[in-house]
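In order, the protein sequences belong to chains A and B.
With the working numbering, letter number 303 in the first sequence gets 303, and the count goes up by one each step, no holes.
With the working numbering, letter number 288 in the second sequence gets 288, and the count goes up by one each step, no holes.
Any copy, or any two copies together, can satisfy a pair, since identical chains are not distinguished.
Straight-line alpha carbon distances no greater than 27 Å define the calculated DSS-like cross-link-like pairs of lysine-lysine that follow:
id, residue 1, residue 2
1, 91, 316
2, 49, 93
3, 250, 77
4, 316, 82
5, 93, 76
6, 250, 93
7, 49, 82
8, 316, 77
9, 223, 289
10, 289, 76
11, 49, 91
If you're looking for bench data, these hints aren't it; they were derived computationally from the structure.
There are 2 protein chains.
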Amino acid sequence: MTQLNRRHLLSAAALAGAAGALAPLVGTTPALAAAPPVGKQAAGWYRYKIGDMEVTVVTDGARPGPLADNFVANAKKEDVNKALEAAFMEKDKVTIPFNPVVVNTGGKLIAIDTGLGAAVNAQSKGAMGQYHTNLTAAGLDAKNVDMVIISHFHGDHIGGLINAEGKPAFANAEILVPSAEWAYWTDEGNASRAPEGLKGNFALVKKVFDAHGNKVTKYEGGKELAPGITSMSTFGHTPGHTSHVLSSGKSTVMLQADVTNVPYLFARHPGWHAVFDMDGKMAEETRRKLYDQLAADRMMVQAYHYPFPSVAHVEKDGNGYRTTPAPWSPSI
Amino acid sequence: MTQLNRRHLLSAAALAGAAGALAPLVGTTPALAAAPPVGKQAAGWYRYKIGDMEVTVVTDGARPGPLADNFVANAKKEDVNKALEAAFMEKDKVTIPFNPVVVNTGGKLIAIDTGLGAAVNAQSKGAMGQYHTNLTAAGLDAKNVDMVIISHFHGDHIGGLINAEGKPAFANAEILVPSAEWAYWTDEGNASRAPEGLKGNFALVKKVFDAHGNKVTKYEGGKELAPGITSMSTFGHTPGHTSHVLSSGKSTVMLQADVTNVPYLFARHPGWHAVFDMDGKMAEETRRKLYDQLAADRMMVQAYHYPFPSVAHVEKDGNGYRTTPAPWSPSI
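So here's chain A without its partners, still in its complex pose:
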């Protein structure tokens, strides 16, 4: 009875391809005035519980772009293209999503990283820097945020700390930053010796924290920053790059920040060094250790550069790791 076969499928596709020239075979009721395409994507936020904590992933958008020759510092472009193909991605292109989270611990509302900010939002015509718009769509108010925890000082994590006027975007929040990150980026010697590609980031760090009168609370790894939120030093990507463990009741999730960039390249190939990794070798060591642990403990990971909503599990597979996105729950 089943009409399905390969020839049939291809001819069906061909039929559809010639659609412009063919009248539909059925469905000849006169069409209503055609509804126009809506042309608008769903607001990018997603919510889940970790025990008593409410976690909201608030996307900042994604950066589509050509695959730079040096995107993976220590791999050939043809091998990167093979990895893209294996992940059903387009060749010679790479899209990097940005996914900060906000945690309501019950007692405090805490933002962890903040997206690229208003300037990039304007430049990119809304493709990036969506964080504050999506925050509002998610029913959250930046004025109610008690604490902002920063994982590291790259622009896609700190840009959203200031608004379009260059003022603090979280007017009432305490700003927590990794001590080692603060030490590195505020050192004038480091700033003056910075390679050309990092000068813009040094300038942004200065701009963002000057706007806050440099009033920050520095934190170390292995500390509980708020009930259920514990820091973990995962240096390498930047000198003070830090991840965070959320834990409540029987549930735990690892907020890995940038331990990997997109998973189909850097979890699949943990030995690859992204152009953004400031110490590629240390970043790789950190990545392998953390991913071995995530796999052994079957711990859920929330990853800044995984596709939204960027929650997944990790398992070992050959020389790398395979990630399985957690299924979207349509209710909370």
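With chain A fixed as given, assemble chain B onto it according to the hints.
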């Protein structure tokens, strides 16, 4: 420099677990009045383009439930539990998502399947039967739908054809149904011989189509139902179960309907027969043929019972298939 090690991670988690008893080490600024948890999930819709067509996935929610002993008719429960564990799912539980789509072809607005409907929405307190709410959230109006294409007559596909008053929910739409499906479910002999478990579905079919004065347009496989939408008979799950190919420009997606139920059980184990498959053997043949094709052609699949937004690619892996969800695009 990296403080990360296994002992450390576990102690960090332990620290976090003891949160109730510990004061935070930093972040001691007096808390604002705590913002209450929002407690609301994002509206479940997602939009992408297939050439000139605008496709909107409109979730109907998901059914959480215990794993019934006969959920997989021809596998042991312990093997099903192993598959759940391999997919990082909870043991002895299975959650089935429902994901209809709406296609704007440019000329027509076409709904393909309709969710469980208003009665189930009320019974489940909003966990299921979300379709019409999410349709509105997606900027679509059921009154503007020109055509509803039904894949098969199970309640989770036809229930949304009527509203809470039992009237047509798409007031101006032509309703297209597979000829073989119509023949089976409207046959009074079949209805009278139906096993207990199917009687409710026969009654629902009668109720839904009576509400439309039985005014439907029957269609066969291999026909272009509207420009760029071609039917393909994929019998087995039900006697007239039908899939649909969307094609525009260089893009194609296979709307598989129920060729598989949840992918981590039935794509991973294509030989397993879901309790819902009315002819398990034929459904398996159909499934293997279609999935071999999807894998060979690297064709994208949109699947009713995959986790939202239920768009993926398929590849062969051992005796089964592995599915890779398409990355969420935060812009259209």
